[in-house]
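**Student:** From first to last, the protein sequence lines stand for chains S and Y. Heads up, the first sequence is in my numbering, so the first residue is 660 and it goes up one at a time. Heads up, the second sequence is in my numbering, so the first residue is 1414 and it goes up one at a time.
These are calculated hints, taken from the structure and not from any lab test. Careful, some of the hints might be misleading.
A few chain Y residues that don't get close to chain S, going by computed Cβ distances all over 12 Å [to be verified]:
1) I1440
2) A1468
3) A1477
4) Y1561
5) W1644
6) S1705
7) N1735
8) T1870
9) A1885
Straight-line alpha carbon distances no greater than 27 Å define the calculated DSS-like cross-link-like pairs of lysine-lysine that follow [unchecked claim]:
10) S:K1235 <-> Y:K1524
11) Y:K1435 <-> Y:K1518
12) Y:K1572 <-> Y:K1524
13) S:K1154 <-> S:K723
14) S:K682 <-> Y:K1847
15) S:K1118 <-> S:K1050
16) Y:K1780 <-> Y:K1518
17) Y:K1572 <-> Y:K1518
18) S:K716 <-> S:K1154
19) Y:K1780 <-> Y:K1847
20) Y:K1847 <-> S:K1226
21) Y:K1524 <-> Y:K1435
22) Y:K1780 <-> S:K682
23) S:K723 <-> S:K737
24) Y:K1780 <-> S:K1235
25) S:K1227 <-> Y:K1847
To be clear about the criterion: a stretch of chain S counts as covered by chain Y if any three or more of its residues have a C-beta under 8 Å from a C-beta of chain Y, and this derived list gives those stretches [what the hints assert, rightly or not]:
26) 724-733
27) 833-840
28) 844-850
29) 1265-1279
Being a predicted model, the structure only gives us computed values, none of them experimental. Even for Gly, the Cβ is constructed at its ideal location relative to N, Cα and C.
As a plain string of letters, each chain reads:
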Amino acid sequence: MEYTLFIVLLPFLSFLFLGLVGKRLTPRAAGYIGTVVLAISTCLSYITAWHYFTTAKVDGVFEKLTPLNFTWLNFTEKLHIDLGILLDPIAVMMLVVITTVSLMVHLYSVGYMHGERGFQRYYAFLSLFTFSMLGLVVATNIFQMYIFWELVGASSYLLIGFDYAHPEAVAASKKAFIVTRFADLGFLVGILILSFYTGTFDFERLTSGDASLFAGMEGLSFMGCSVVSWALALIFMGGAGKSAMFPLHVWLPDAMEGPTPVSALIHAATMVVAGVYLVARLFPVYYLQAPDVLVLVAIVGAVTSLYAAIVACVQTDIKRVLAFSTISQIGFMMVGLGVSGMEGREGLGYMASMFHLFTHAMFKALLFLGAGAIIHAVHSNEMEHMGGLRKYLPITHITFLVACLAIAGIPPFSGFFSKDEILAATFHFNPALGAVMSLTAGLTAFYMFRLYYRIFWNKASHRDHAPREAPGSMTVPLTFLAAATLVAGFIPFGKFVTSDSAEYIIHLDWTVAAASVAVALIAIGIATLFYRRESPIPDRLASSLRGLHAAASRRFYLDDLYLFVTKKIIFNGISKPVAWFDRHVVDGAMNGFATLSQRVSYSIRGFQSGQVQQYVMVILLGVLLIAVLALFI
Amino acid sequence: MNFLSLFVLVPVLMMVGLFLSKNLTQIRAVAVTGASLLLALAVGLVFAYLGERAAGNTSEMLFAADHVWYAPLNIHYSVGVDGISVAMLLLSAIIVFTGVFASWKMEFLEKEFFLWFCLLSTGVFGFFISLDLFTMFMYYEIALIPMYLLIGVWGSGRKEYSAMKLTLMLMAGSALLLLGILGIYYLSGATSMNLLEIARTGVPAASQNWLFPLVFVGFGVLGALFPFHTWSPDGHASAPTAVSMLHAGVLMKLGGYGCFRVAIYLMPQAANELAWIFIILTGVSVVYGAYSAIVQTDLKYINAYSSVSHCGLVLFAILMLNQTAMNGAILQMLSHGLMTALFFALIGMIYGRTHTRDIRQMQGLMKIMPFLGVCYVIAGLASLGLPGLSGFVAEMTIFIGAFIHQDAFHRVFTIIACTSIVITAVYILRVVGKILYGPAADHQHIDAGDARWYERTSTIVLILAIAGIGLAPLWISDMISDSLLPIVQNINL
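Isolated chain S, as found in the complex (with noise of 0.2 Å):
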């Protein structure tokens, strides 16, 4: 399966070739390479999806594929950066996610882009992520991982950063950067403790279940808890930098600043759950060497989930809604992957997580084009400027009712089916968390349908002209993704990925499907009641929470926490302290010490004046002085 390699290189090469010729293009060629390119690459992702899960099956279990490895850079005998490929149920579900979910954007972009300045280098930038996050799924060892998980960050940063003509998008793409950056030195930190002892970065090794790796961290304990836990949940503050996991997820909404069909691209499907596909990568060493850090996982994974929900209720730009519902919906992968075990049934919470990425990559994309579709209809971001456009963008409205039942979990749409397992075993593992997550999971039907009623119904706003319905370049990928969100629940996800590999039939807890469905009916229908046509109850209600509701508008003071820390601490606290240290203290005894020279050397300079009375004057001082000496010593 060599022409996996092809996937991989095929955005590599678009990116050099846009970013070194693109100006010469016209925007138009520049964007039909780009998307044509990465066609390619998709075509090539299905086949190689269709090609392993029909021969890499051998006694049940899935067999890990290595079609190419070779060593990038030597730093010890045992210690080598390798780059490679690594095909497995989870790396070749996410080939198809980020082909898919990022040619829709290529396509989607065509439209929406058009007539903006640096188009050439938009689509330069999108084939970099797109090469880089192909690049770090089919890693086959954690430095690998690393490399790729640092070039998606610049190339987030980079496209974040797009209008950089807008100091709020060059703010965010800062607070982006720097955030996910301060992570990933956790996961640096991790990846070195782990390499120390296992003494191999290799994913296959480290999954085997080989406990003789890790007899080296064996007794080894820093603050309470074992060195391998540390390490671990290191390698865990990287992703959850990367995937916006409280506290680390105040860069996510700021995000929202890059173009619509990046966050629909990077900051919801793709890139953002890299970190809960580094959790699975790694779930076995997590399962058997650290199972307290899996329960850290869940426990971040459920505050997340409940603290977006709660946020998201009460943001009135369209964009960071989805941001927080985002964050939300990661939470719940993340409790997934938390809350799993290894063998067969246990397995659930994985298998339930990755089919969760899956389905939500698809729906997420689907809103996120969705509100691009809006905003380019109306010019805004807040939903004050929207109200009654279900009559004006048919296609759009449709399409986002789809991915609105989806993320509210009714069935038959996609995301009951992944979320309802999500709850089976959370409730499986501890109900206290369960009925957490129940509570999130209404919460979310509440806020998305509060988003849809405000967009589409309500009372619509004042507008000078009717707003148009999309080109077809962005309706197009609308239908499809909405499609694709109508049949992907019916996928028989449990025989493709898996925690052990081996197959898992899939059974729905029906106690569980039917009071979620009841929750998230009942948050459709106080959604239905407050926000479908104009009604006094939203604001009476935040008049009597008003505490909550300033805190909840404030994202409960995190931001403003982080603004203190970097602003008044780091740059006033230490930094200025430093800088002024080195310059008045540090320099200022080198220069004294010159100064200190120079006098001496002004003072004494007298006894070189040439006058030999002077002269022979000292010398009868001095002889007069040793035979003082000589006589009383």
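Given the structure of chain S, go ahead and fit chain Y onto it with the hints provided.
**Tutor:** Chain Y only, in chain S's frame:
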């Protein structure tokens, strides 16, 4: 005539050519020819070296030659290269080549400028090919002295102060160094000042303990060792573009190379015993330099402090005394040399258009000079360690190598040094955001225009080198790593 001696001969011939040339065109012709010749020589040397190694030549130094120079003191003119010096020579040749193009528009005493520039290059190349301690020291001084004039005459701002400060501090370092070198020679009982011979006879362990700090600090001053780094911000800020490039790009590497080739190689026992003091100092300077860079407002100061941080990492890695970390140190020297040269070249070009280096007075330059803007972003990404560019390769090799130590001390300091990757991102993105992005504020800058062909040549060559190392690091890393083996064995004896 030894092949390596050409590296010294070419700059000398360039000086003769410059002396004879009558106008700017001839000066440029001589400079470009000479610099291209040097670059070709360096590339040729890489291939010749790899060819010899592939053919199975395992001697420690290749292309060696030895002539007695001054018999009474046993001073030889002795040259030879291993993988490390080959890498350094390649770096120097690239920087000299791009430096010539960066000073294309020199408008004041051009001939004299290039004459001193060539003298400086002579010293640099001579230093890297020398195997004899005394000749090495002599070339070191040849490289330092032109710096005083180049900054003092062609500089800007407080140039006299900076030139004086730089020269005095480096000369103080040289004094320690001379003492150290003489001590090594006499106490080792070797019959010549040849490095390899002294390494074989060895320096008595008792004297190593006072010789090692002398030599390490002596070279360390040039390698921006905290707290002797303060010449660097002022010196860089005042120096003209090409001099900053050469200074940060190559001259500071003389310090790192010397620490490694003389201090560690000849005095391994003392290195083992005393390394902890310098690990603390360099560990501090890695983080300290990065924090200082965050609040600077002058572009050159930002890069000078960033150099303190990155060069601190070089010395830090050398002191880890194992093959991987040292390999990282050499890679970091290469990578930092190329990156800073690119930064200083770009700052010079931007300054030539905006007439300010204050980041508060610039905005939206990306729209006005897109080529320079993109290059600056690439340099920034390389500096913050983006994979695919050289900085990542070097830093990761250092971190992995430094973390191999069993004891907690080394590993704690490695983690401290690792935190610099975040701080670096902060100051790099701050500058990029401030000067390149946003709306174009100052309309005076709008007519400034983008890079001219000679500026493009200079930046493109540097970017190609940075990306080349970043994308395919294996050959150079293996070349350096093989050459480190005898040195590491010497340490572990």
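**Student:** Does each hint fit the structure? Answer for all of them.
**Tutor:** How the hints compare with the structure:
1. I1440: Nearest chain S Cβ is 33 Å from Y:I1440, so the label holds.
2. A1468: Given that every Cβ of chain S is farther than 12 Å from that of Y:A1468, nearest at about 22 Å, it holds.
3. A1477: holds (27 Å)
4. Y1561: holds (15 Å)
5. W1644: Not fine: 8 Å to the nearest Cβ puts Y:W1644 too close to chain S.
6. S1705: The assertion about Y:S1705 is violated, with a minimum of 5 Å to chain S.
7. N1735: Not fine: 9 Å to the nearest Cβ puts Y:N1735 too close to chain S.
8. T1870: holds (16 Å)
9. A1885: Label violated. Min Cβ-Cβ 8 Å, cutoff 12 Å.
10. S:K1235 <-> Y:K1524: Cα-Cα ~42 Å, so violated.
11. Y:K1435 <-> Y:K1518: holds (17 Å)
12. Y:K1572 <-> Y:K1524: holds (20 Å)
13. S:K1154 <-> S:K723: holds (16 Å)
14. S:K682 <-> Y:K1847: Within the cut-off at roughly 25 Å; holds.
15. S:K1118 <-> S:K1050: Measuring from Cα to Cα gives roughly 12 Å; hence the hint holds.
16. Y:K1780 <-> Y:K1518: holds (24 Å)
17. Y:K1572 <-> Y:K1518: Satisfied, since the Cα-Cα distance of roughly 20 Å is no more than 27 Å.
18. S:K716 <-> S:K1154: holds (11 Å)
19. Y:K1780 <-> Y:K1847: Answer holds: Y:K1780 to Y:K1847 is near 13 Å, not above 27 Å.
20. Y:K1847 <-> S:K1226: Measuring from Cα to Cα gives roughly 16 Å; hence the hint holds.
21. Y:K1524 <-> Y:K1435: holds (9 Å)
22. Y:K1780 <-> S:K682: This hinted pair holds, its Cα atoms lying about 14 Å apart.
23. S:K723 <-> S:K737: holds (22 Å)
24. Y:K1780 <-> S:K1235: violated (31 Å)
25. S:K1227 <-> Y:K1847: holds (19 Å)
26. 724-733: holds (count 4)
27. 833-840: Coverage by chain Y holds for the region 833-840 of chain S (4 residues, Cβ < 8 Å).
28. 844-850: Holds: 3 residues of the region 844-850 of chain S have a Cβ under 8 Å from chain Y.
29. 1265-1279: violated (count 0)
Checked against the numbered hints given earlier, this structure breaks hints 5, 6, 7, 9, 10, 24 and 29; the rest are met.
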